[in-house]
Amino acid sequence: EPEVTQTPSHQVTQMGQEVILRCVPISNHLYFYWYRQILGQKVEFLVSFYNNEISEKSEIFDDQFSVERPDGSNFTLKIRSTKLEDSAMYFCASRNLETGRWETQYFGPGTRLLVL
Amino acid sequence: KQEVTQIPAALSVPEGENLVLNCSFTDSAIYNLQWFRQDPGKGLTSLLLIQSSQREQTSGRLNASLDKSSGRSTLYIAASQPGDSATYLCAVVSGGSYIPTFGRGTSLIVHP
Chain A
12 EPEVTQTPSH QVTQMGQEVI LRCVPISNHL YFYWYRQILG QKVEFLVSFY NNEISEKSEI
72 FDDQFSVERP DGSNFTLKIR STKLEDSAMY FCASRNLETG RWETQYFGPG TRLLVL
Chain B
13 KQEVTQIPAA LSVPEGENLV LNCSFTDSAI YNLQWFRQDP GKGLTSLLLI QSSQREQTSG
73 RLNASLDKSS GRSTLYIAAS QPGDSATYLC AVVSGGSYIP TFGRGTSLIV HP
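Protein sequence lines, in the order shown, are assigned to chains A and B. The numbers in the first sequence follow our numbering, run straight up by one, and end at 127. The numbers in the second sequence follow our numbering, run straight up by one, and end at 124.
Excised from the complex, chain B in its bound form:
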């Protein structure tokens, strides 16, 4: 059974810092990995989707990498801003079942 772990659980940083959020998964036979943002009491917004054949994806100040062999993905946020404050979720779709498994998320606060 796929398990997804996100570290750290919470992070508080001053504005302008570059950040790395980590996601690890136990079964490397994945189909894809997706990073989401969730604002309090709201739905999930997709940030980046990495197919299993890809190593990274970039969107603006966000860069996500994938290392299937080690079961890891990182989300890099450059020059963080207060508007980046949210919970960031990692979800892995496993190759056999196509069922997405989510991590608990990293709660990020960027203070001015």
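So here's chain A without its partners, still in its complex pose:
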């Protein structure tokens, strides 16, 4: 069964460093998402991406965040200058698009980011 993959599974970085989290969505999916989950907290929506542009973003997704689909398969989340509070599990998700209906989102296994 097709699945969303994410790399790396774990990343440790120093405060102020840039990190890039990578995702390979399911190949025929058209909508892509990033979420984060701080330890013990709710899953929070960051951004959605469709047709090579951001379609929705949350208040969390400020100027230090950016997303890109550099080729036909990868979807990346860049955090420009990491802060301690960016430590969280980051999930990528994708879904297909069917006119008039919302199809199930499929989540990747997550990247655990620790900022020291």
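Keep in mind the hints are simulated off the structure, nothing from the lab. As the structure is a prediction and not an experimental result, all values here were calculated from the model. C-beta atoms are modelled at their ideal positions from N, C-alpha and C, and glycine is treated no differently. Careful, some of the hints might be misleading.
[What the hints assert, rightly or not] Taking lysine-lysine and the DSSO-like style, the derived pairs with C-alpha atoms no more than 30 Å apart in a straight line are:
(1) LYS13/B x LYS94/A
(2) LYS13/B x LYS53/A
(3) LYS54/B x LYS89/A
(4) LYS94/A x LYS54/B
(5) LYS13/B x LYS80/B
(6) LYS68/A x LYS80/B
(7) LYS89/A x LYS53/A
(8) LYS13/B x LYS54/B
(9) LYS89/A x LYS13/B
(10) LYS54/B x LYS68/A
[To be verified] Just a few of them, taken from the derived set where beta-carbon distance is under 7 Å, the chain A residues facing chain B:
(11) LYS53
(12) VAL54
(13) PHE56
(14) PHE102
(15) PRO120
Assemble the complex: chain A is given as a structure, and chain B must be docked to it using the hints.
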């Protein structure tokens, strides 16, 4: 702003019990509601998706219902098994923004 609440926060039951997990939301103008399972340190696995025009969805021992007017959904798990132990999350996609809002989840332990 949509708020999603899940009750109870935690549940511990013996194997074989039938369970009801609750999810409530404040804005009834939703597009859909999705139930997920999350195992410790892992990603989210979609269990059931209910479109706003539907009342329920079933998959195996799982049944999810949706009552938009009262802002509630329930996830019914029949004949629970130790393998059902996980955190169950409810997520609502609101009609205006299409941004999913998650609840905190119900942490379920089914003991043999």
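Consistency of the hints with the structure:
This hinted pair checks out: LYS13/B and LYS94/A have alpha carbons roughly 27 Å apart, not beyond 30 Å. Of the pairs offered as hints, the one joining LYS13/B and LYS53/A holds, with about 16 Å between alpha carbons and a cut-off of 30 Å not exceeded. This hinted pair checks out: LYS54/B and LYS89/A have alpha carbons roughly 21 Å apart, not beyond 30 Å. Distance hint between LYS94/A and LYS54/B is fulfilled; the C-alpha atoms sit about 23 Å from each other, no more than 30 Å.
In summary, the hint linking LYS13/B to LYS80/B is supported, as the alpha carbons are separated by about 16 Å, within the 30 Å threshold. Taken as a hint, the LYS68/A and LYS80/B pair is honoured in the structure, with Cα atoms around 25 Å apart against an allowance of 30 Å. With a C-alpha separation of about 21 Å, the suggested pairing of LYS89/A with LYS53/A holds against the 30 Å cut-off. Our distance criterion of 30 Å between C-alpha atoms is met by LYS13/B and LYS54/B, whose separation comes to about 28 Å.
Our distance criterion of 30 Å between C-alpha atoms is met by LYS89/A and LYS13/B, whose separation comes to about 27 Å. Note on LYS54/B and LYS68/A: the hinted pairing holds, with a Cα-Cα distance of about 24 Å set against a maximum of 30 Å. Taking 7 Å as the C-beta contact cut-off toward chain B, the hint placing LYS53/A at the interface holds, the least distance being around 5 Å. Hint on VAL54/A holds. Least Cβ distance to chain B is approximately 4 Å, under the 7 Å limit.
Given the 7 Å rule on beta carbons, the hint for PHE56/A holds: about 5 Å separates it from the nearest Cβ of chain B. Taken as an interface hint, PHE102/A checks out: its beta carbon lies about 6 Å from the nearest beta carbon of chain B, inside 7 Å. For the restraint placing PRO120/A at the interface with chain B, the shortest Cβ-Cβ distance is roughly 4 Å, inside the 7 Å limit, so the hint holds.
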